[in-house]
Amino acid sequence: MANPETRVAYDKAGQMRIILLLAWFFVAAHNPVYAETASKIFTSGSYQKLLASKKNQPLLLIIWSLDCASCLKEMPLIAKLHRQYPGLNMVLLSVDGSENRQQVQQMLVKTQLQNAQNWLFADANSRKLRFEIDPDWFGELPRNYFFAADHQRFGISGVISERQYRQMLLASGIIAKIKGEP
Amino acid sequence: MKFLIAFFIVITVNSCALSDRKLTDAECENPAIECAQTVTATFADGVLWVAWVQGEYLYIQHSKDGGSSFSPALPANQIGEKIKANGENRPKIKVSGNDIYLTWAAALGKRFDGNIRFSRSTDGGRTFSRPVTVNDDKLVASHSYDSMAIGKNGKIFVGWLDGRDRHHAEQTGTDYNGSAVYYSWSSDGGATFAANQKIADYSCTCCRLQTAVDAQNSPIVVWRHIFPGNIRDHAIAKFTSWDTPPKARRISHENWQIDGCPHHGAGLSVADDNRYHIVWFSNSSSHQGLFYGNSSNGGKTFSKPFNFAKRRAAHPDILAIADRVFVAWQEYDGTTTRAKLIRSVDGGISWSKPQTISQTNSAKTDNPFLLADGGEGYLSWQIPRQGLRMIRLGK
Chain X
1 MANPETRVAY
11 DKAGQMRIIL
21 LLAWFFVAAH
31 NPVYAETASK
41 IFTSGSYQKL
51 LASKKNQPLL
61 LIIWSLDCAS
71 CLKEMPLIAK
81 LHRQYPGLNM
91 VLLSVDGSEN
101 RQQVQQMLVK
111 TQLQNAQNWL
121 FADANSRKLR
131 FEIDPDWFGE
141 LPRNYFFAAD
151 HQRFGISGVI
161 SERQYRQMLL
171 ASGIIAKIKG
181 EP
Chain G
1 MKFLIAFFIV
11 ITVNSCALSD
21 RKLTDAECEN
31 PAIECAQTVT
41 ATFADGVLWV
51 AWVQGEYLYI
61 QHSKDGGSSF
71 SPALPANQIG
81 EKIKANGENR
91 PKIKVSGNDI
101 YLTWAAALGK
111 RFDGNIRFSR
121 STDGGRTFSR
131 PVTVNDDKLV
141 ASHSYDSMAI
151 GKNGKIFVGW
161 LDGRDRHHAE
171 QTGTDYNGSA
181 VYYSWSSDGG
191 ATFAANQKIA
201 DYSCTCCRLQ
211 TAVDAQNSPI
221 VVWRHIFPGN
231 IRDHAIAKFT
241 SWDTPPKARR
251 ISHENWQIDG
261 CPHHGAGLSV
271 ADDNRYHIVW
281 FSNSSSHQGL
291 FYGNSSNGGK
301 TFSKPFNFAK
311 RRAAHPDILA
321 IADRVFVAWQ
331 EYDGTTTRAK
341 LIRSVDGGIS
351 WSKPQTISQT
361 NSAKTDNPFL
371 LADGGEGYLS
381 WQIPRQGLRM
391 IRLGK
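Line by line, the protein sequences are chains X and G.
Under the numbering used here, the first residue of the first sequence carries the number 1, and numbering increases by one thereafter.
Under the numbering used here, the first residue of the second sequence carries the number 1, and numbering increases by one thereafter.
Hints are computed from structural coordinates only; laboratory data are not their basis.
Here are the simulated DSSO-like cross-link-like pairs (lysine-lysine), alpha carbons at most 27 Å apart as the crow flies:
(1) K110(G) x K40(X)
(2) K138(G) x K73(X)
(3) K110(G) x K73(X)
(4) K73(X) x K177(X)
(5) K84(G) x K138(G)
(6) K73(X) x K82(G)
(7) K73(X) x K84(G)
(8) K138(G) x K92(G)
(9) K110(X) x K110(G)
(10) K55(X) x K128(X)
(11) K364(G) x K49(X)
(12) K92(G) x K155(G)
(13) K80(X) x K55(X)
(14) K22(G) x K64(G)
(15) K152(G) x K247(G)
(16) K128(X) x K310(G)
(17) K155(G) x K64(G)
(18) K152(G) x K64(G)
(19) K300(G) x K198(G)
(20) K110(X) x K84(G)
(21) K73(X) x K110(X)
(22) K110(X) x K82(G)
(23) K128(X) x K84(G)
(24) K247(G) x K300(G)
(25) K22(G) x K128(X)
(26) K247(G) x K304(G)
(27) K80(X) x K179(X)
(28) K40(X) x K364(G)
(29) K177(X) x K80(X)
(30) K80(X) x K110(G)
(31) K92(G) x K82(G)
(32) K80(X) x K54(X)
(33) K110(G) x K138(G)
(34) K40(X) x K55(X)
(35) K128(X) x K364(G)
(36) K198(G) x K73(X)
(37) K54(X) x K179(X)
(38) K247(G) x K155(G)
From just these sequences and the hints, can you work out the full model?
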């Protein structure tokens with residue numbers, strides 16, 4: 001039979017563990033760095049890794065910035081597509097830099113895109129990172145890439161209409177059929 | 001022998017002074033021009049003046065040796081404020097006699113909001129006046145991308161991109177695409193400014209504005225406009241009298257349809273013969289890259305645009321000194337950033353082949369700019385964390 005003193009000590013350790021676990025959850029839930037929905041940091045080599053992780057999958061890549069009024073205008077439509085096509089293979093990439101991660105997260109929450117696959121440039125507007133994505137992209141935003149399953153891609157600059165979005169998603173195989181109003 | 005070794009060490013150290021050593025975060029805790037993301041520079045009577053931002057202050061320095069050494073960094077504003085100092089939207093500095101004029105865009109709470117600020121020194125740069133706000137609408141709205149030009153008798157022209165009309169439209173639920181181009185001016189050396197007036201509705205919101213005063217003392221303004229159908233090509237407005245905003249004219253027809261932010265404005269220089277020389281960027285389906293055009297009739301018509309650079313070329317600037325015209329821009333190939341140059345000696349009719357004037361393995365460079373010191377042309381190129389390169393262009 002366990003020594004009563006040992007049993008008390010065990011209970012205290014168990015309680016301590018529970019308290020620590022709760023404290024950790026509390027901190028994690030309130031700290032955007034640890035929150036599950038915070039953006040992944042995009043650095044040199046991330047583009048290739050991202051494509052490799054989506055091998056043989058069609059993909060929509062949306063590049064945006066807090067400083068781009070047209071990008072913010074486009075967010076409600078993106079959120080709508082995200083809702084309408086639950087399996088939509090879509091990645092959002094902000095060029096705002098990790099120093100702006102909190103504001104980026106706030107915008108994603110505001111536009112209901114915090115649960116999408118979000119990435120964030122490590123360095124704001126990095127020319128090097130832009131070059132790795134597309135040497136012929138001049139940096140204008142928003143910039144959308146539609147990848148077919150074989151990762152042949154089509155890049156478009158600027159906001160496009162909902163109808164055009166759905167058509168391009170269909171043409172690239174990112175969606176199988178058009179739902180709802182075009 | 002020891003002297004020889006010391007001599008060679010000194011030479012090597014000095015020749016490395018402007019090379020690729022990057023200042024650290026610790027070194028950049030104190031204001032230093034090397035640490036600035038962007039630098040605005042101007043020559044006046046052989047003296048180089050620079051303006052750059054660190055923290056919440058706009059620092060002013062001058063150099064009597066073309067940028068090799070500078071006076072101590074003096075903050076123009078005594079009270080800190082968030083000052084926009086990025087590629088397209090940065091403070092401006094102009095020198096007029098013994099006066100120095102500054103404009104900048106101060107950011108307010110919400111991301112796109114801001115005010116156009118003005119400050120001046122009347123004692124050759126020793127002290128600067130308390131900044132005033134040039135936009136007179138008293139709205140918390142977007143006011144930015146200021147540009148300043150000095151006319152005869154020291155008249156000051158200030159243009160900027162203004163969001164008050166969009167703000168009003170949003171309140172009434174109507175659509176308003178883009179910003180508006182507004183201006184004001186001062187005929188008393190910046191002590192007071194005229195009531196703001198609008199030059200045009202529907203300019204691109206994120207591309208740098210250009211202003212100049214031509215040889216007949218007429219202000220001109222060049223901006224990226226939003227033509228019907230979201231076509232973002234460039235426009236020009238040329239004043240006849242300072243108090244009457246003129247009609248805008250279209251400069252070219254790349255027909256770049258984009259509902260987005262190019263962050264890519266034009267370059268403008270007026271030659272002594274009053275020819276207007278302009279460079280700009282386009283990425284339309286039919287016209288890609290950098291373009292040059294000129295007008296000899298006050299902006300009524302322009303020459304057929306010359307597409308002088310295509311792939312990976314960006315952010316051109318231009319300088320006309322009599323018949324000599326210089327055009328500079330930047331190219332990045334994934335490893336090296338190059339400042340490139342073409343020249344004309346016949347007022348922009350024919351051009352040399354592009355040459356690389358300067359290069360760096362840093363991917364984080366400011367845009368290259370062209371400055372005149374009397375009849376001499378210079379390339380000014382800030383490499384953040386390394387320093388400001390000033391390169392004489394010669395004939």
